[in-house]
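**Student:** With the hints as constraints, model all of the structure from the sequences given.
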Amino acid sequence: MSDEVIVTHSGHVLLARLNRPTMRNALDDATLTGLFEALDEAEATGARAVVLTGGDAYFSSGGDVRSMPGPDAGLFGPARRLDRIHALIARLIGSDLPVVAAVEGYAVGAALGVVLACDLVVAAEDARFMVPFAARGLTADAGAAWHLTRRLGHQRAAAHLLLGEPLPATEAHRVGLVTRLVPAGTVTEAALELADRLGSGPRESNAVTKSLMVRATADELRSFLDVERLGVSLAGHGEDSREGRLAFMEKRKPNFQ
Numbered sequence: 002m003s004d005e006v007i008v009t010h011s012g013h014v015l016l017a018r019l020n021r022p023t024m025r026n027a028l029d030d031a032t033l034t035g036l037f038e039a040l041d042e043a044e045a046t047g048a049r050a051v052v053l054t055g056g057d058a059y060f061s062s063g064g065d066v067r068s069m070p071g072p073d074a075g076l077f078g079p080a081r082r083l084d085r086i087h088a089l090i091a092r093l094i095g096s097d098l099p100v101v102a103a104v105e106g107y108a109v110g111a112a113l114g115v116v117l118a119c120d121l122v123v124a125a126e127d128a129r130f131m132v133p134f135a136a137r138g139l140t141a142d143a144g145a146a147w148h149l150t151r152r153l154g155h156q157r158a159a160a161h162l163l164l165g166e167p168l169p170a171t172e173a174h175r176v177g178l179v180t181r182l183v184p185a186g187t188v189t190e191a192a193l194e195l196a197d198r199l200g201s202g203p204r205e206s207n208a209v210t211k212s213l214m215v216r217a218t219a220d221e222l223r224s225f226l227d228v229e230r231l232g233v234s235l236a237g238h239g240e241d242s243r244e245g246r247l248a249f250m251e252k253r254k255p256n257f258q
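Everything in the sequence shown is counted per our numbering, starting at 2 for the first residue and increasing by one.
Rather than coming from a laboratory, the hints here were simulated on the basis of the structure. You may find that some hints are simply not true.
Claimed, not checked - Here are the simulated DMTMM-like cross-link-like pairs (lysine to aspartate or glutamate), alpha carbons at most 25 Å apart as the crow flies:
| hint | residue 1 | residue 2 |
| --- | --- | --- |
| 1 | Lys211 | Glu190 |
| 2 | Lys252 | Asp29 |
| 3 | Lys254 | Glu244 |
| 4 | Lys254 | Glu240 |
| 5 | Lys254 | Glu166 |
| 6 | Lys211 | Asp84 |
| 7 | Lys252 | Asp241 |
| 8 | Lys211 | Asp97 |
| 9 | Lys211 | Glu42 |
As the list claims (entries may be wrong) - Per label pair, the in silico range of CB-to-CB distance:
| hint | residue 1 | residue 2 | range |
| --- | --- | --- | --- |
| 10 | Gln258 | Ala45 | 48 to 58 Å |
| 11 | Glu126 | Arg152 | 37 to 47 Å |
| 12 | Lys252 | Glu205 | 27 to 37 Å |
| 13 | Glu126 | His10 | 24 to 34 Å |
| 14 | Arg243 | Ala45 | 34 to 44 Å |
| 15 | His10 | Gln258 | 50 to 60 Å |
| 16 | Asp97 | Glu244 | 43 to 53 Å |
Note that the Cβ used here is the ideal one computed from N, Cα and C, for glycine as well.
**Tutor:** Right, dumping it as structure tokens:
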């Protein structure tokens, strides 16, 4: 099992905790591998539900910019990194096991797409969701534009996707992106309780119900992700993305031309 994801078992619930605190749990290749391995272990050990969580201040800061391929990697260089994120989203959506995301602090960028691919989301009342792609010269990925535009409408989604304004958990809960709000510091406990309830339910009929729910929405999401892959490739091949990446690494404001 990857060191970037710590797996523990609580009854028939598997808890997968992101473990890159010095990098704010940024999603690099090893972390994504760890998440796939955690889902494999859940299925192999007969777990009946999964809880996915991060740290107190950051669920995850999103894709690790330092590990992202730049424009020199070729037209589909950025897309190859995104393919693994898309595969994880597909795995979460397609799993027979119910998956609960437990969010403390910030869930940023691609991490928001991962959270929203889970069946239920428990968030701290002071949690924040952000999609700061534009500030880095990048295009929103991991299905964030699909989820936010569907739930918030075009204009309100634009404030988050184009301006990078944070989305408070209270607002995310109001529009249905978050299942349950709980006080800070109690998120994992609340998520485990919810997962235990799910795991104690009828596994086969719940799996069929989840499959029906996926058919109702996820086919459209999968088509969207195919288009997103092309858009991310084109945007990631330009000078804006190069400048955004350098500015992030150098901790300065980007100068987009």
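**Student:** Evaluate each hint against the coordinates.
**Tutor:** Tested hints:
For the hint pairing Lys211 with Glu190, the CA-to-CA distance comes to about 24 Å; that is within 25 Å, so the pair holds. Taken as a hint, the Lys252 and Asp29 pair is honoured in the structure, with Cα atoms around 20 Å apart against an allowance of 25 Å. Between Lys254 and Glu244 the alpha-carbon distance is near 10 Å, which keeps this suggested pair within the 25 Å criterion. Between Lys254 and Glu240, the direct Cα distance comes to roughly 15 Å. Compliance with the 25 Å bound is thereby established for this hinted pair.
Proposed proximity of Lys254 and Glu166 is supported: the alpha carbons are some 16 Å apart, at most 25 Å. For the given pair, Lys211 sits about 24 Å from Asp84 by alpha-carbon distance, which is consistent with the 25 Å threshold. With a C-alpha separation of about 16 Å, the suggested pair Lys252 and Asp241 falls inside the 25 Å cut-off, and the hint holds. Annotation: proposed proximity of Lys211 to Asp97 holds, straight-line Cα distance about 7 Å (limit 25 Å).
Note on Lys211 and Glu42: the hinted pairing holds, with a Cα-Cα distance of about 20 Å set against a maximum of 25 Å. About 51 Å separates the C-beta atoms of Gln258 and Ala45, a value consistent with the hinted range of 48 to 58 Å. Separation of Glu126 from Arg152 is about 19 Å and departs from the stated range, judged on CB atoms against 37 to 47 Å. Look at Lys252 against Glu205: about 52 Å separates their beta carbons, and that is not inside 27 to 37 Å.
At roughly 28 Å, the beta-carbon separation of Glu126 and His10 lies within the given 24 to 34 Å, and the hint holds. Under the hint 34 to 44 Å, the C-beta atoms of Arg243 and Ala45, about 43 Å apart, fit the expected range. At roughly 52 Å, the beta carbons of His10 and Gln258 sit within the given window of 50 to 60 Å. In this structure, Asp97 and Glu244 meet the distance hint of 43 to 53 Å, their C-beta atoms being roughly 44 Å apart.
In this structure, the earlier hints numbered 11 and 12 are contradicted, and the remaining ones agree with it.
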